[in-house]
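So for the sequence shown, my numbering puts the first residue at 26; every next one is plus one.
One or more hints might be untrue.
Claimed, not checked - The following label-pair restraints were derived from C-beta to C-beta distances: (1) T105 / A57: 17 to 27 angstroms; (2) A180 / N32: 43 to 53 angstroms; (3) P117 / L147: 42 to 52 angstroms; (4) T60 / G210: 35 to 45 angstroms; (5) A121 / A31: 17 to 27 angstroms.
Hints are computed from structural coordinates only; laboratory data are not their basis. Ideal placement from N, C-alpha and C gives every residue a C-beta, glycine not left out.
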Amino acid sequence: MSDELANPAPLGLIGFGMTTVLLNLRTAGLIAASTSLGMIFAMGIFYGGFAQIIAGLMEFRKGNTFGTVAFTSYGLFWMTFVFLQVFASLDPAWAAAVDKGSMSAYLFCWGVFTFLMFFGTLKTNRVLQFVFFSLFVLFFMLSAADLLVYVGSTAAGEALAIAAGIEGVVCGGSAFYLAMAEVNGWPIFPVEE
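Please build the complete structure, drawing on both the sequences and the hints.
Below is the structure:
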């Protein structure tokens, strides 16, 4: 039996990609909000959350700092996001903590983090660069949408959120594509530098 670890990146990318696609299908209004929330929360905790954290810990074992920071951070993003949404629905005191202004700040911080992480992808393949750049754009679009609603421009905020949802489906789909290309060794588009 070999001590060599399998490549954990596809697990993390699939966990991120599938969860991101599902949430953003809802954000874009392409699946019903009333019936999809439980599924999205379950995916956020287990596949978006735990699977990415596991991938991050495996990247740590392999000595990959970028993979460790990326997968564990975004895994914890999904877990905090679900935590905030669930507790806001259960307790009115928590609801004030996750109003549109607060969520705008939360998403803005994740956008800054993602923008800085994007620079770490410049030494990797173009698809990973696209994943991180499109995620950076997604966080800023969602942050701006929440801020618009918070300041009273509800129609503009809702329209921007729909556009962000479509962009998020593209972002998540690109992560899913990269994972499948790495697992199967048959990239349709070049993933090399």
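Checked hints:
1. T105 / A57: 17 to 27 angstroms: At roughly 25 angstroms between Cβ atoms, A57 and T105 fall inside 17 to 27 angstroms, so the hint holds.
2. A180 / N32: 43 to 53 angstroms: For A180 and N32 the Cβ distance comes to about 45 angstroms; the hint holds.
3. P117 / L147: 42 to 52 angstroms: Holds: the Cβ-Cβ distance is about 45 angstroms, inside 42 to 52 angstroms.
4. T60 / G210: 35 to 45 angstroms: holds (37 angstroms)
5. A121 / A31: 17 to 27 angstroms: About 45 angstroms separates the Cβ atoms of A121 and A31, which means 17 to 27 angstroms is violated.
Of the hints listed earlier, the one the structure fails to meet is number 5.
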